[in-house]
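Colleague: Go ahead and model the full structure; you've got the sequences and the hints to work with.
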Amino acid sequence: MSKRGIPFGVLAEFENPADLMDAAAAVRRAGYRQFDTYSPFPIHGMDDAMGLKPSKLGWIVLIHGILGLIGGIALQVWSMDIAYPVHISGKPYLNFPAFVPVTFAIIILLSAFGVFMGMFFLNNLPRLHNPLFHSDRIAKATDDGFLLCIEATDPVFSEERTTLFLKEIGATFTETIPLEAPDKSPGTETGTVK
Amino acid sequence: MDHSKPAFSEPLEFPKENRISVAFFAAGIIGIVLSLIGYVVNTEQFFYSYLTSFAFIASLMLGALFFVMIQHITRSSWSVVLRRIPETISMQLLWLGLLFVPILFGMEILYEWTRPERIATDALTQHKQPYLNIPFFVIRNIIYFSVWAFLGYRLYKNSVVMDQNGDPALDRRQRILSAPGILLAAFTMAFASFDWLMSMDSHWFSTMFGVYYFSMSFQAILAVILVVILYLFRQGLLTDIINRAHIHDMGALLFGFTVFYAYIAFSQFLLIYYANIPEETLWFYYRFEGNWIILAYLFLIGRFVIPFVLLLGRKPKTNYSLLMGISLWIIALQFLEMYWIVMPILHKGAISLHWLDLTLLLAFAGISAGLFFRQFARHSMVPIKDPLLAESLHKH
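Chains as they are written, first to last, in the numbering used here: chain P, 35 to 228; chain W, 7 to 402.
Treat the hints with caution; some may be incorrect.
Unchecked claim - The calculated SDA-like cross-link candidates involving lysine to any residue, where the alpha carbons are at most 20 Å apart (straight line), are:
id	chain 1	residue 1	chain 2	residue 2
1	P	90	W	290
2	P	90	W	276
3	P	125	W	321
4	P	90	P	189
5	W	401	P	152
6	P	125	W	290
7	P	125	W	280
8	W	321	P	85
No lab work stands behind these hints: they were computed from the structure.
Modeller: Now the structure itself:
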């Protein structure tokens with residue numbers, strides 16, 4: 035079987051941001067879920083057109099924040115009152131006003147970890163290679179290209195029908211992207227067929 | 007996105023047949039009459055209640071002034087559709103100085119540092135004489151009120167003139183005015199809070215007090231703006247102009263400044279609590295003594311924890327009835343916190359709510375809300391020729 039045989043997805047280019055937005059809405063209406071759009075700048079309203087749900091990142095951060103709240107108070111109650119009680123200017127061992135700054139800082143620290151690592155997790159990062167880069171077209175997304183890629187993992191995906199559909203909704207260019215890198219220079223021994 | 011000249015499908019003027027300003031004026035006049043009776047019955051209580059309500063109303067107008075200037079400095083487009091509301095509120099600063107005059111006649115009752123026997127016997131009061139003396143106090147207040155009246159009136163006037171001629175130079179002038187204006191307003195507001203409220207305990211000082219007063223007022227003014235917008239919605243006004251995204255951002259700001267308020271109020275308390283220096287702790291001692299501490303806990307729970315939890319998510323920030331409830335609650339707590347700052351000096355150790363507290367609140371709130379709505383009805387409810395209006399209308 036040819037290594038070019040397994041597609042990663044179909045890439046389509048559109049004329050302008052408005053066309054891309056209409057296309058995204060049409061793709062979603064056609065039942066596709068595994069697709070993404072690529073543009074040189076953020077397009078307002080694209081989230082709605084693609085039917086993206088609000089990010090779950092907030093919940094991840096909330097859980098980290100609550101862990102920080104509990105952990106911060108537990109740490110201080112244990113160390114200041116149970117493990118090593120010290121009299122400080124006549125104040126009680128369980129001195130909650132004084133615990134607030136440390137607890138606050140721990141909440142912030144854990145929330146920041148939550149944001150950072152949660153963002154990586156939700157974005158499938160770190161990812162060393164994306165088959166999209168097998169296409170030369172994708173570079174236009176950082177310049178003047180408005181691109182949309184429907185991935186082969188989508189249950190509705192079929193190479194011919196998806197390509198045809200993208201052309202119908204106004205794509206100016208379509209291309210099937212292979213899952214594995216095509217041979218760029220003939221004669222290399224990489225990518226031997228199993 | 008169509009950024010061409012916006013066309014409006016609904017009226018931009020506050021309807022003339024809406025009599026809400028008359029209702030507020032009537033309430034205000036009832037408040038004034040009852041308060042005048044109270045003045046004869048209990049003069050001392052009258053001045054304390056008067057200062058409470060004055061500090062409450064002044065904090066809202068000053069908060070509005072800051073809100074307007076911040077929008078101009080940052081050249082923000084999102085807030086243009088709702089900017090006429092805080093503009094009209096801060097325009098009322100024009101006559102706020104007049105309301106301060108009665109306080110000058112009650113200074114010996116309100117401020118211990120003006121009492122001759124106190125000056126004669128108390129070394130610390132003598133030491134503070136170069137700053138805390140009546141002529142300088144009056145001069146300072148004249149400066150505060152003229153700065154605020156100038157800024158509030160000018161920013162409003164430029165905005166309504168722009169409604170007529172759409173001159174883009176006015177937009178630039180607003181920014182040129184706001185940049186030094188915000189600095190001036192910050193200093194005058196901080197010193198005004200020192201003079202009006204902090205100097206009541208003349209031994210006590212907190213460099214944080216100005217920021218504390220600002221943090222309260224800014225949280226409260228966001229709540230006031232939200233209440234006005236949601237009231238207009240209920241009247242079927244501006245429903246196509248102010249959209250969900252604007253309300254969401256107001257909710258987010260209210261959430262943010264809830265945290266800011268808690269941070270500032272707690273920082274002031276924590277430093278004094280931890281250092282434990284008698285002359286610093288005394289202010290909190292009186293305000294925690296007896297059942298006054300109930301109010302202190304109420305502010306912690308009611309002004310921080312509850313709004314924080316309720317506004318944390320994305321959906322509640324666009325839930326109109328929830329926002330209305332939280333906003334009214336925060337405005338009520340803003341008054342109560344003024345009460346908590348002023349009144350423990352008169353009623354040591356126990357809360358004792360006097361009917362004058364309520365009649366003076368009625369008088370102040372009635373008259374200023376009445377004046378607000380009367381002024382609001384005179385011009386368009388949105389700055390129709392603001393260069394950023396089209397962008398603001400398309401916010402999402």
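Colleague: It remains to establish, for every hint, whether it holds in the given structure.
Modeller: Here is how each hint holds up against the structure:
1. P:90 to W:290: Outside the cut-off at roughly 43 Å; violated.
2. P:90 to W:276: Answer violated: residue 90 of chain P to residue 276 of chain W is near 35 Å, above 20 Å.
3. P:125 to W:321: Violated: residue 125 of chain P and residue 321 of chain W sit about 42 Å apart, past 20 Å.
4. P:90 to P:189: violated (24 Å)
5. W:401 to P:152: violated (28 Å)
6. P:125 to W:290: Given that 20 Å is the threshold and the Cα spacing comes to 16 Å, the pair holds.
7. P:125 to W:280: Between residue 125 of chain P and residue 280 of chain W the Cα gap is close to 9 Å, so the pair holds against 20 Å.
8. W:321 to P:85: The given pair, whose Cα atoms are some 17 Å apart, holds under the 20 Å limit.
In this structure, the earlier hints numbered 1, 2, 3, 4, 5 are contradicted, and the remaining ones agree with it.
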